[in-house]
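Enquirer: One-letter residues, chain by chain:
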Amino acid sequence: MNLKNDFFSNNRLTRRNVLKAGAAALLAAGLPSPLSAMPEKKKPNILFILSDDHRWDAMSGVGHPVIKTPNMDRIAQEGVLFSNAFVTTSLCSPSRASFLTGQYAHNHGVKNNLTPWDNTNVTFLELMKKAGYSTGFIGKWHMPGKYPDLRGLDRFVSFTVDGGQGRYFNCPLIVDGKQTPSKKEYITEELTDYANEFITDHKDDPFCLYLSHKAAHALFTPSEKFKHVYDGMDLPMPPENDSWVGLTNGNLYPSTHKRLYRNYLACLTELDHHIGSVLNKLDELGIADNTIVIYAGDNGHFWGEHHLNDKRWYYEESMRIPFIVRYPGMVPNPGRRAEQMVLNIDLAPTILDMAGIAVPKNMDGKSILPEIKNENTRGRDAWLYEYFKDYSYNVPEHMAVRTNRHKYIEFVGRRKPELYDLADDPKEMKNLYGTPPGVEVLPALKKRLEQLKQGGTI
Amino acid sequence: MKPNPAADNSRRSLLLRYVIPSGMGVLAFFVLFETYYLSWYVENRILHFILTDVVGAIYGFYLLFHVLILYPIFYFRGAALHERILGTFVVTSCWLIKEVLRMTEFYSIAESVFYLLMPVQIGIILLAIGFMAACEMICRKIEKKKKALDIRVVTPVPVAFVLLAISGSAFILRGGGLNYFFNFYDLYKIVFL
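These protein sequences, in sequence, are chains W and H. Counting in this note's numbering, the first sequence runs without a single skipped number right up to 1484 at its last residue. Counting in this note's numbering, the second sequence runs without a single skipped number right up to 306 at its last residue.
Because the hints were derived from the structure by calculation, they are not lab data. The model shown is predicted, which means the values in this text are computed figures rather than measured ones. Among the hints, erroneous ones may be present.
Claimed, not checked - Only pairs whose alpha carbons sit at most 35 angstroms apart, straight line, appear in this in silico DSBU-like list of lysine-lysine:
hint : chain 1 : residue 1 : chain 2 : residue 2
1    : H       : K254      : W       : K1284
2    : W       : K1253     : W       : K1453
3    : W       : K1155     : W       : K1204
4    : H       : K211      : W       : K1387
5    : H       : K211      : W       : K1456
6    : W       : K1156     : W       : K1094
7    : W       : K1253     : W       : K1229
8    : W       : K1442     : H       : K211
9    : W       : K1479     : W       : K1456
10   : W       : K1172     : H       : K302
Unchecked claim - If you anchor each label on the Cβ, the simulated ranges turn out as follows:
hint : chain 1 : residue 1 : chain 2 : residue 2 : range
11   : W       : D1450     : H       : I171      : 32 to 40 angstroms
12   : H       : L276      : W       : R1177     : 51 to 59 angstroms
13   : W       : D1450     : H       : T148      : 26 to 34 angstroms
14   : H       : I222      : W       : Y1173     : 30 to 38 angstroms
15   : W       : T1461     : H       : I222      : 34 to 42 angstroms
16   : W       : Y1459     : H       : E156      : 16 to 24 angstroms
Ideal placement from N, C-alpha and C gives every residue a C-beta, glycine not left out.
This is chain H alone, in the form it adopts within the complex (with noise of 0.2 angstroms):
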């Protein structure tokens, strides 16, 4: 992937093309992230069900698709590669950030940090990246005919990113993520037992 070469023309300030939108990606994940839980607590029935499900929903779907709408805002604000992919990663980051401090309570950090080659993480982390490969490929595909440029759409790394997310994902859902899970604590037993 190189730098976006639609860019140049169109590129926004660094506040606009990378603070801002990470910014807003990770202000919506604590909201959703904090909606949901709060709304454990509304004794409201209705409302509470409406809270926990809606909200529930919309913050599963936000954690596993957000790149699909974070990385187009970057690319079409100009963003360079590196801060699209980073800019777009900081909501997994968010999350798995999350997941480690919530593990910290319990194990140390070496074994918290550990946590995060567990399938579900390592599912997630893969998803990223092919949507971000994904997006990558589209972006350029709809700046070409936008603009007219002459850009390759299609080239081996995003292919190959994509690839790794498809093939990832399925050994996981197909019932490889359950013997990863097994393979997992046996390195786990290795590594810290």
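Okay, chain W solo, but in the shape it has when bound (with noise of 0.2 angstroms):
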């Protein structure tokens, strides 16, 4: 390579290459450097969006053939796509404390619905405050226990009604700490006013904004003018479904299927709309070439494939989310898809590797600022699941090793493990556990099952 024509031919001559040029100059000579002087070129901004039990594939993006997500998909094309994501805990309390601390379940504390969030658990929010973000949570808390007491955050807007699900209208709203009505009848309006006000409010500090949705969770319940968005268009449904699979077998929902999907996707569609609002309030600002976005959900949802509705099961249709990070100037070809399998306990050392602050021991995830980066970077070649009874949900407690090719299943209780080969069948309809194929690769994936238990790496 010819460095000489290299930098002849790719430098303009303006007045930052001078300086840069002079500095140089000055820094062989053993002077002080006039770019010292200079300010250092500001932090990224961070605006994680968090979305509920909205499943990987409900995106027009990646091909849903009804659903139109075009501020997602716009994510996307402006970043990368990571079709291989998961939640190590496909339930919202411990997804979410998962996604906060770095942490699997079995360590943050909240397995499921009704175990309480530690106040000891160190987020990321709090490291970033640490140094020198301005940081904000706005939505969603939904863990159980008290209201956390939240160390380094300069905005927190959640809510505790209905079991700290809250209410898709009128929701009443703690404001740091205060007791405060609904301006916005819209849940998902009300959060994305706040998400708005909070980055104006910001749009000089380094900031990190963690946007937590109510939407799209059950009752599935969008607002009056995305209501019928959907009306008459025919639904995808899997093979498996039929109208009642949603009221029988613990399945207990006040409706059939198709029609609680129908309002799934509107709510989907409504909160892509409020998605393109903060976006666009980047762009007003001029920050967005300076701000990584990074979209998620907490986990996936059912719609009658395995006679299931709700989440929690280790199949793909519950534990495989979408996660979408744009990052200006930093992913080398947008619009790209990543195969490598990333994690919801990825994110919180990924943000702090993002931001330059060191990933503590304890995360049990990694940062995949190497495959945002690279797309040759290699991922990981397996990881572990982990469910937790949940009263009173009729699923066993299981844990689970996912690999590239492969995913095994061990239950607590009565029940007998299962196998799939996720090449053959990605619908996981063919139990391999105790076949001929089965029993090959069996004592492998046992081994990375244990490896995995006692913490090994992922």
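From these two lone chains plus the hints, build me the complex, please.
Expert: Structure follows, in structure tokens:
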């Protein structure tokens, strides 16, 4: 490579380049550089948007035949979409605690929707604050126990009504510890307004905002404006679904799946609309180029697959999530799909890494910044999935190892293990446990599961 | 509610007035239940959907409204009040037992029984009680007209149960069910955690 030619061909004669060249000359001469007196490049702002029960494939950008999500697609087109993103526990509270702490449920302690959040847990927001960021948590907290005493927050907007689930309409909020009536009728719009306000107030700081939506959790209620967007459209339902699956076998939803699914999609499109409002705010303030936007769901959702609804189980529909990162200037080929397996516990270490903050050793996840910057980065080969019983749901406690090819599940109680070959059977319909192909791969999977249970590398 | 006064001259044997109707009620429950779940494994798509959608619908309606069929049978076969109540409640009991057994795979016996306090189970019980009370008064009315008996059709106890069922169902369906649902979990935490 001809460095000289490169220098002249790639570098325009700008004031900055002249300064750099001068500084280099001064440095070479052992004199103080004038660049040391120049302000450092501002740390990137970080906006994390979390939705509820958003399944990985309910986006127009990944080929869903009905739903329209132009703003989520925009984040993906301008960034990187992780096609193999998962949660380590497919349940709201444990998953949310994992996003915040970078830890597995067995470490942060929120094992289900009943075990309380421990205030000694350290969130990445606390570490961001210590590093000089302005921090905000806006939206659904939904973790058991008392209202949390979160450290390192400049703004904390959440709600506790209906067991922490909040309400789609007229949801009373707690704003920095003060009970506050809702200003907007619909919760997604209300939270978006708070987010935009926070971004505007802190546009000159480096900020880190955690925007956690209620949508699109049950009871899947869009506002009047979006209620009918998918009326009359033929929805793709899985072959195992029938009208009554949602009302049987402990799956008690007060309606049929098809109707609920239509509302679910409408809720997501409405959420997408409001995500667009936040993206526009970043553009309007001129800070989009220095703001990393990450979008994820807290777990997936069944719509009749395996005769199930809700989430919790170890099947792909439940554990797989959307996970998109827009990092201006850092994603070499925007719009790419990354195949590496990433997890909700990776969020905290990744954000810390992006901000140049050391990742604490007690975080179970790992920074996926290398995967974001370089598509050839080798991802993890396996990871641990865990589910702890959650009264009163009919899901047995289980642990699973998920590799790029297989999934092996062991249950607590009387159920036999299950094993699936995801390459040959992506819908997980043929349990290979006890079959010749299953016997062949079982020892390695069992060994890997044991390693992961003992805290082995992921 | 008093024992059926019209029953004396039309009272059937225990087998006919109690055992067979309750047995038929239970049998119908299990046939519908099993058919619905077995239909999941029917490979033929058309047959699959006919079985799931039709049988599923009948199964749901039967669970909710079986009292309207069973109670009059007991009444007009001369079953005593306790026989009418127990005989009719047998289907609801099957559902509740099934639910408790389902829960025992994952939870202790106490937690499984506690599950009966869920709004869905309470709603089903309330509905059964309300329908029984309404049926009692309707059957009295029919009996009174048919046999010109001097009996009071509307009495305080069945009226109270009808009102309880209506108000309870309305509470559950009109959003109170969600509050009850969260209170149920708070109670669970107090008792079991």
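Enquirer: Hint by hint, note whether the structure agrees.
Expert: Hints versus structure:
1. K254/H - K1284/W: With a Cα-Cα distance of about 43 angstroms, the restraint between K254/H and K1284/W is violated, given a limit of 35 angstroms.
2. K1253/W - K1453/W: holds (31 angstroms)
3. K1155/W - K1204/W: Holds, because 22 angstroms separates the two Cα atoms, which is no more than 35 angstroms.
4. K211/H - K1387/W: Judged against 35 angstroms, a Cα distance of about 48 angstroms means the pair is violated.
5. K211/H - K1456/W: holds (28 angstroms)
6. K1156/W - K1094/W: Since the Cα atoms of K1156/W and K1094/W sit roughly 39 angstroms apart, the hinted pair is violated (cutoff 35 angstroms).
7. K1253/W - K1229/W: With a Cα-Cα distance of about 34 angstroms, the restraint between K1253/W and K1229/W holds, given a limit of 35 angstroms.
8. K1442/W - K211/H: Status holds; Cα separation ~22 angstroms.
9. K1479/W - K1456/W: holds (25 angstroms)
10. K1172/W - K302/H: holds (13 angstroms)
11. D1450/W - I171/H: 32 to 40 angstroms: The hint (32 to 40 angstroms, Cβ to Cβ) holds, given that D1450/W and I171/H are roughly 38 angstroms apart.
12. L276/H - R1177/W: 51 to 59 angstroms: This hint holds: roughly 53 angstroms between Cβ atoms.
13. D1450/W - T148/H: 26 to 34 angstroms: holds (33 angstroms)
14. I222/H - Y1173/W: 30 to 38 angstroms: At 34 angstroms between Cβs, range holds.
15. T1461/W - I222/H: 34 to 42 angstroms: About 35 angstroms separates the Cβ atoms of T1461/W and I222/H, which means 34 to 42 angstroms holds.
16. Y1459/W - E156/H: 16 to 24 angstroms: Cβ of Y1459/W to Cβ of E156/H: about 23 angstroms, so the range 16 to 24 angstroms holds.
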